[in-house]
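Engineer: These protein sequences, in sequence, are chains A and H.
With the working numbering applied, the first sequence covers 4 to 233.
With the working numbering applied, the second sequence covers 4 to 233.
It is possible that some hints are incorrect.
[Said to hold, decoys possible] Listed below are the simulated SDA-like cross-link pairs for lysine to any residue, each with C-alpha atoms no more than 20 Å apart in a straight line:
1. K114(A) - D233(H)
2. K114(H) - E222(A)
3. K114(A) - G206(H)
4. K114(H) - M228(A)
5. K114(H) - V232(A)
6. K114(A) - H91(H)
7. K204(H) - T230(A)
8. K219(H) - N207(A)
9. K114(A) - N207(H)
10. K118(A) - K204(A)
11. K114(A) - P227(H)
12. K114(A) - V232(H)
13. K114(H) - V85(A)
14. K219(A) - P227(H)
15. K114(A) - T230(H)
16. K114(A) - M228(H)
17. K204(A) - T230(H)
18. K114(H) - T230(A)
19. K204(H) - M228(A)
20. K114(A) - F225(H)
21. K204(A) - M228(H)
22. K114(A) - E222(H)
23. K114(H) - K114(A)
24. K114(H) - G226(A)
25. K204(H) - P231(A)
26. K219(A) - V232(H)
27. K114(H) - P231(A)
28. K114(H) - A203(A)
29. K204(A) - K219(H)
30. K204(H) - K204(A)
31. K114(H) - K118(A)
32. K204(A) - P231(H)
33. K219(H) - S220(A)
No lab work stands behind these hints, which were simulated from the structure alone.
On a predicted model such as this, the values are computed, not experimentally measured, just so you know.
Protein chains: 2
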Amino acid sequence: MDDTILDPALGLRIRRTESLTSLIRRELERMIEVGELKAGDRLNENALAAKLGVSRGPIREACRGLEQSGLVHVIVNRGVFVREISNHEAAELYDIRAALYALAGRLLAPKITKKQVAELRRMVSQMEDAADKGELNVFYPLNVRFHEAIVQFSGNGRLLSISTSVHREMHLFRRRTLDMPGRMKISNSEHRAIVDALAAKDGNATAQLMEDHVLKSRELLFGPMGTPVD
Amino acid sequence: MDDTILDPALGLRIRRTESLTSLIRRELERMIEVGELKAGDRLNENALAAKLGVSRGPIREACRGLEQSGLVHVIVNRGVFVREISNHEAAELYDIRAALYALAGRLLAPKITKKQVAELRRMVSQMEDAADKGELNVFYPLNVRFHEAIVQFSGNGRLLSISTSVHREMHLFRRRTLDMPGRMKISNSEHRAIVDALAAKDGNATAQLMEDHVLKSRELLFGPMGTPVD
DNA sequence: CTGCAAAAGATTGTTGACAATAAACAGTAA
DNA sequence: TTACTGTTTATTGTCAACAATCTTTTGCAG
């Protein structure tokens, strides 16, 4: 199989509108997301360059972007490593996420459209199906999309990019709460309450529910917000 | 004057513990902070490389980091430009900052030390002096340090890095609220209330005060939170 | 066998050169 | 003049080679 990003046959026809660097960054993000690159792994520049069919320059540039977004960390003269998230850091990220999601809810509530409410409700009912059947691998991506949608609908562009970044970072932390018994159902009932509050255009209520929703996950793993961990 | 980062005379003696890339990124951040590079300016790689006495590689890597943190944006084949922040985006950043500072206050309140309270009070009283004398150029950096200190004392590392990033980004937006008549005094009275709430270890009150403090600036420029701008 | 030191190898840091693209300019036709 | 087109120039995108640094292996003394 050919792993190179650029198909040479197509190279002639495509007018490239994107730099290799950004293509590579997305590819690396994907590899980390999917688990092809695991926390703690070192990214060998030569190997990656060969695998993706480019030189080391773009690889290095992509890594600097990933560093800033917290997905990797760089040690001088040693290389770049997929970050490992300690319990302590994961707990911190939960706290941040709670605040960001609360803000998203507060911003969205007063201006949400009927169409958006309908879309969120659709997701909730799909998640209900998945929860009934105990299909975590169906529930999980829906859950992600649900939260993403609320942030996106909030209309605050930077909030979306920061949230995405924090979410990716949290993904490096493997322990999940959703696979605890009955957790999907409880989580989804919270989703329903959130959508109800949004539909009622109640910003304060939505914000509170979003915050609680995130912090509940935190509590299951680490105890209440602000608790020192590890 | 010599603008190069690396003094060749020192180069031999220092065992470099940091890559050029990170030095350059800090230098560029400084140049943007100080206004040597203004919003909308293009960063000419050759010129920067010559000025800093390095090659283009590290420059490009540094720029990718800055891109991710929102200080510059890159257009393929055209270059990297210091970002210009629209009113709309500035308003969005205020909303985010309010949420982040509220979180910082909430986290810090229950665990603040006497020493930290004293340090914050010292800053407040220094700001009071500056406000009395109408010295904005003294007040402003103290104001920055005050807010930074609270986030730092909160102990959430990622919160600090995100806050710093958001703060730098906001700095690209030139209009300030503090130079409005009487604004320094009002602002500082809010600072005092925040420190009092912190000293009382009242997380909710602190969070609310921090949020209001930031949103008041937003309102002066753009109207209340969530208001569409531009 | 263990511990240390030096050499060999692998990997990152940095550079200068070349290719691809966009901007600036000049010349021509309407 | 203005619009268009081809040419020149400036700048970015990419690459491959070299230098600096770290890691591993090898060899030797105890």
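Engineer: Are the Cα atoms of K204(A) and P231(H) separated by 20 Å or less?
Structural biologist: Judged against 20 Å, a Cα distance of about 16 Å means the pair holds.
Engineer: Under the criterion that the straight-line Cα-Cα distance not exceed 20 Å, is the pair K204(H), P231(A) satisfied?
Structural biologist: holds (16 Å)
Engineer: For the pair we were handed, K204(H) and M228(A), check the Cα-Cα distance against 20 Å.
Structural biologist: holds (15 Å)
Engineer: Checking one constraint from the list: CA of K114(A) to CA of T230(H), max 20 Å. Satisfied?
Structural biologist: holds (10 Å)
Engineer: Taking only the CA atoms, is the gap from K204(A) to K219(H) under or equal to 20 Å?
Structural biologist: Distance of about 23 Å is beyond 20 Å: violated.
Engineer: Is K114(H) close enough to V232(A), meaning Cα to Cα at most 20 Å?
Structural biologist: holds (14 Å)
Engineer: So if I understand the rule, the pair passes when the alpha-carbon distance is 20 Å or less; does K114(H) with T230(A) pass?
Structural biologist: Distance ~10 Å between K114(H) and T230(A) Cα, so the pair holds.
Engineer: With the threshold set at 20 Å, check whether the alpha-carbon distance from K204(A) to T230(H) stays at or below it.
Structural biologist: holds (15 Å)
Engineer: With the threshold set at 20 Å, check whether the alpha-carbon distance from K204(H) to T230(A) stays at or below it.
Structural biologist: At roughly 15 Å apart (the allowed maximum being 20 Å), T230(A) and K204(H) satisfy the hint.
Engineer: What's the verdict on K219(H) and S220(A), does the C-alpha distance respect the 20 Å limit or exceed it?
Structural biologist: Cα-Cα ~32 Å, so violated.
Engineer: Assess, step by step, whether the Cα of K114(A) is no farther than 20 Å from the Cα of F225(H), and give holds or violated.
Structural biologist: holds (18 Å)
Engineer: Could you grab the alpha-carbon distance between K114(A) and G206(H) and see if it respects the 20 Å cut-off?
Structural biologist: Given that 20 Å is the threshold and the Cα spacing comes to 29 Å, the pair is violated.
When the structure is compared with the earlier hints, violations turn up for hints 3, 9, 13, 14, 23, 26, 28, 29, 30, 31 and 33 and for no others.
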